[in-house]
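With chain A held as given, fit chain B onto it using these hints.
Number of protein chains: 2
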Amino acid sequence: MKIALAQLNYHIGNFEYNTKKITDNILKAKAEGADLVVFAELAVCGYPPRDFLEFEEFIDLCEKSAQEIAVHCKGIACIIGLPVRNEVLAGKDLYNAAYFIEEGSVKSVVKKALLPTYDVFDEYRYFEPANQFKCITFMGRKIALTICEDLWNINNNPLYVSNPMDELIKQSPDIMINIAASPFSYCHDDERVIVLADNAKKYNLPLLYVNQVGAQTEIIFDGGSLAFDKYGNLLDEMAYFKEELKIYEIEGDTVIGYGNKSHQALPDIEQIYQALVLGIRDYFEKSGFKKAVLGLSGGIDSAVVCALACRALGPENVMAVLMPSKYSSDHSIKDALDLVESFGCKHEIIAIKEAADAFDSMMAPAFNGQPFNLTEENIQARCRGIVVMAMSNKFGYILLNTSNKSECAVGYGTLYGDMCGAIGVIGDVYKTQVYQLAHYINKDGIVIPENSIVKPPSAELRPGQKDSDSLPDYDTLDKILYQYIELKQSSSAIIAQGYDQALVRRIIKMVNTAEFKRYQTPPILRVSPKAFGMGRRMPIVGKYLS
Amino acid sequence: MKIALAQLNYHIGNFEYNTKKITDNILKAKAEGADLVVFAELAVCGYPPRDFLEFEEFIDLCEKSAQEIAVHCKGIACIIGLPVRNEVLAGKDLYNAAYFIEEGSVKSVVKKALLPTYDVFDEYRYFEPANQFKCITFMGRKIALTICEDLWNINNNPLYVSNPMDELIKQSPDIMINIAASPFSYCHDDERVIVLADNAKKYNLPLLYVNQVGAQTEIIFDGGSLAFDKYGNLLDEMAYFKEELKIYEIEGDTVIGYGNKSHQALPDIEQIYQALVLGIRDYFEKSGFKKAVLGLSGGIDSAVVCALACRALGPENVMAVLMPSKYSSDHSIKDALDLVESFGCKHEIIAIKEAADAFDSMMAPAFNGQPFNLTEENIQARCRGIVVMAMSNKFGYILLNTSNKSECAVGYGTLYGDMCGAIGVIGDVYKTQVYQLAHYINKDGIVIPENSIVKPPSAELRPGQKDSDSLPDYDTLDKILYQYIELKQSSSAIIAQGYDQALVRRIIKMVNTAEFKRYQTPPILRVSPKAFGMGRRMPIVGKYLS
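In order, the protein sequences belong to chains A and B. For the record, in the first sequence the residue sitting at position 389 is 389 according to the UniProt record's numbering, with numbers rising by one throughout. For the record, in the second sequence the residue sitting at position 151 is 151 according to the UniProt record's numbering, with numbers rising by one throughout.
Because the hints were derived from the structure by calculation, they are not lab data. Computed from a prediction, not measured in an experiment: that's the story for all the values here. Nothing false has been slipped in among the hints.
Pairs involving identical chains hold if they fit within one copy or between any two copies, as the list cannot separate such chains.
Heads up, simulated DSSO-like pairs for lysine-lysine below, C-alpha to C-alpha not over 27 Å straight-line:
{"#": "1", "residue 1": "K530", "residue 2": "K517"}
{"#": "2", "residue 1": "K346", "residue 2": "K455"}
{"#": "3", "residue 1": "K246", "residue 2": "K261"}
{"#": "4", "residue 1": "K326", "residue 2": "K394"}
{"#": "5", "residue 1": "K290", "residue 2": "K509"}
{"#": "6", "residue 1": "K326", "residue 2": "K353"}
{"#": "7", "residue 1": "K394", "residue 2": "K353"}
{"#": "8", "residue 1": "K20", "residue 2": "K509"}
{"#": "9", "residue 1": "K291", "residue 2": "K509"}
{"#": "10", "residue 1": "K74", "residue 2": "K28"}
{"#": "11", "residue 1": "K170", "residue 2": "K107"}
{"#": "12", "residue 1": "K64", "residue 2": "K488"}
{"#": "13", "residue 1": "K28", "residue 2": "K64"}
{"#": "14", "residue 1": "K509", "residue 2": "K394"}
{"#": "15", "residue 1": "K326", "residue 2": "K455"}
{"#": "16", "residue 1": "K509", "residue 2": "K64"}
{"#": "17", "residue 1": "K466", "residue 2": "K394"}
Bound-form chain A, shown alone:
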């Protein structure tokens, strides 16, 4: 039996697009001799469809698409993920399900039992968990089909009390297939290989695993579909960060033609780089836009975002706007122009002094002689926001936000100023990782001029300003932030590791009091196990630790 895995980039709710892509791949897999082609979890509508699932019409359109797809399943069978209605009048309205389609009609419906409801996942919001399990019979063989999380209750994962494979194994299946929508983070690929290998080994069955690829706003899927033998040995891994259709031939309980291999994990920074390029590209393609604008300061954050945007969209589609303030250093403009020249993107220089002065003059009667303070810094940052948004509105550029995770965390940024943008490119990348990204980008020859990398970070909104005036050095800051955000450690636990007590308390307080700002930031491309956005839901007026 030849089984094709179709690792594709879907578009949420774009039924015409998804249906055509699925159909094309059915025909292609058939032409290449496959007996069965397998698509990912919720392939028909894309993942995560969120509250689209609450519209009856949306569910009807999923079913309609599946029927259109079924027409093409002649001489080849297919497995596709989609939401289906729960016909029993108890529990949630829907199941997260998959159709097994053979000879033009749906022969089996498989439902997901373990519904992730943590971090970015909200599956219990929509779906009823399955409690009946049945293998699919195809070409005289039994396939144990499960959906994503259903294989994650291995080794007594405390998250779940049941285990669908423990039921399916009783029916003596010949092979396991898992269809997934498993979002990327820089440490998730290793975990995935281990968990899936454990399944193959535990149930003594070969396992084929197909993931989605592509970005849906902030959530990025990295592909990397996998094949294992019945001993849990990894046999093959499909491409990361791109689409692929690949056929595996199964004889008995053996996947033919592959020897054991070990998982070749890319370095974290390379994964992050590829994820961000894909995240930018898909945001634009799926929104129907081509051109990006960003503010380019000459500093490292905007330099890295500009490099990523040029890679994702082509430098001809990137507009860098240089917006010196009256406090900008002489070398800032030069550094930014060097970047523009190096990248080959378009640029404008629009000084903000005239608008900043106008606000100073307009506000003078109300301010009544109050001294210069953060207010005037914020006015300048917001003038920059207006300039880049004006470029966006006039020419249809989409604004990229250049705030990094360290800044987002402590609220070192101006709401409606440098926090503007349609999508936050590096909002899940700590400042220390931004440096690593810059070095990675430069490793094949200088692209980001050295000056932008080595100079001390500054917003240049008052004379001689440096980030280090307000923040501890980024090495220390990022380590403390990681403990608090990713590892959810309390201040006392972090202090116990040897960090300065006053510093830890100050940083955690900054993180909590910045919650109101983060509520209004753009969606942030998620590359870590704990990003700001849907995966981290904190009260705003909550007092704890603030």
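Okay, now just chain B, sitting in the frame of chain A:
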């Protein structure tokens, strides 16, 4: 047996504050002769604590508070809601639970079984559902204690497959108590009375119900705790939108001293008015701020928000900023000044022409002769945003957002301009309801000058601009929006009701393409069953209907 219901306003994660309030009410209830005092769901930490629940230290602090509270339970017992750990290594880490405390120690732990995971609720994200049920024994009587949603599987509510009271009733309890955190919407009070009455009747037991009161950022609790006899007759309802401690005496299966009454629902608009005043007041009190700023245009939206703010915070704490553009009509300033005089709040007049002209001049080389369009309108709206944020930054005023639900829905507003603010006051109030609110505010004598109510809505960002240039009349718009947003009807279903096909499709497309804007709006005080924010989670790059 005398049972006190303590309907209180908690503050999420403010353990010192909540513990003191709970303790004070224990002592007060004891002084008034109560045998038992009952506090709401998650009273110890406030509701909803969201991802605070993922911090081990937060759970420790809940337990520590409960132990402090227990010390005061001498000569009086109490029931308090709090999260407790799931000690079994399977399933979620926590239960949504309640302690029954008697003579200084915890005698029973009751756990919630039905976990709302829809709209603004995320309980499956944190909690394991209870599957064991045991009545509390106190003073020789058996109390069937349930937590909020546990009583909502009445009459075969399709949402849930189990029903905790069906288990508890087997133990022959004498009375039912339900502790809740039941968020306000203008139609929820009627539903609550019906559901709880059905429970009392079905189980043939008297029922005491205690709710929270107060706002936690966008979620507002309206109080209105209830007492029913065993026939399901309503005996008493406690205050709406304020704290109250009230004692009910139970003899046998009778609540003594009350006759039947019917639920006296306030008109929707009066409920919304009270909820918004409470929502503003609590946002400020719980964030530690006193003073508000808002842009006052002379139109009805900002007039209503200003009136609400003056009522919530006192007019001496409200700063109205008048920001005429060069296109503002002569009467706008006069209307706004009439409002200021009527309300007695502070004001500044800061014309935005100087800054808008500066941007026109700064952008001219890049714009290269492109004609005036929406870009220049947005620049002006954003200049207003900078002005009010500058007032906020310089003087510590908190900016109130004045966008209404109709505008938010169709994206008729400028991101980083009039969409700025810390809290959206009327973002869940349709424009047609804003008019009703204005009339309600004015019913005891003119407060909002008639001119602001009757003049055609306009942003005054180009000569002679009116909302009706871009939008259908608000009566029609709001009806279509209600069908789509609250009722989740498809375009074809709405068209089938007789609305113009092209109009319906255009409006729904506007709603969907504005998703990226709404992602970045401030939290919006929730007064309807379907508000923008946490309770409505739509994909941004999703294609469906856009």
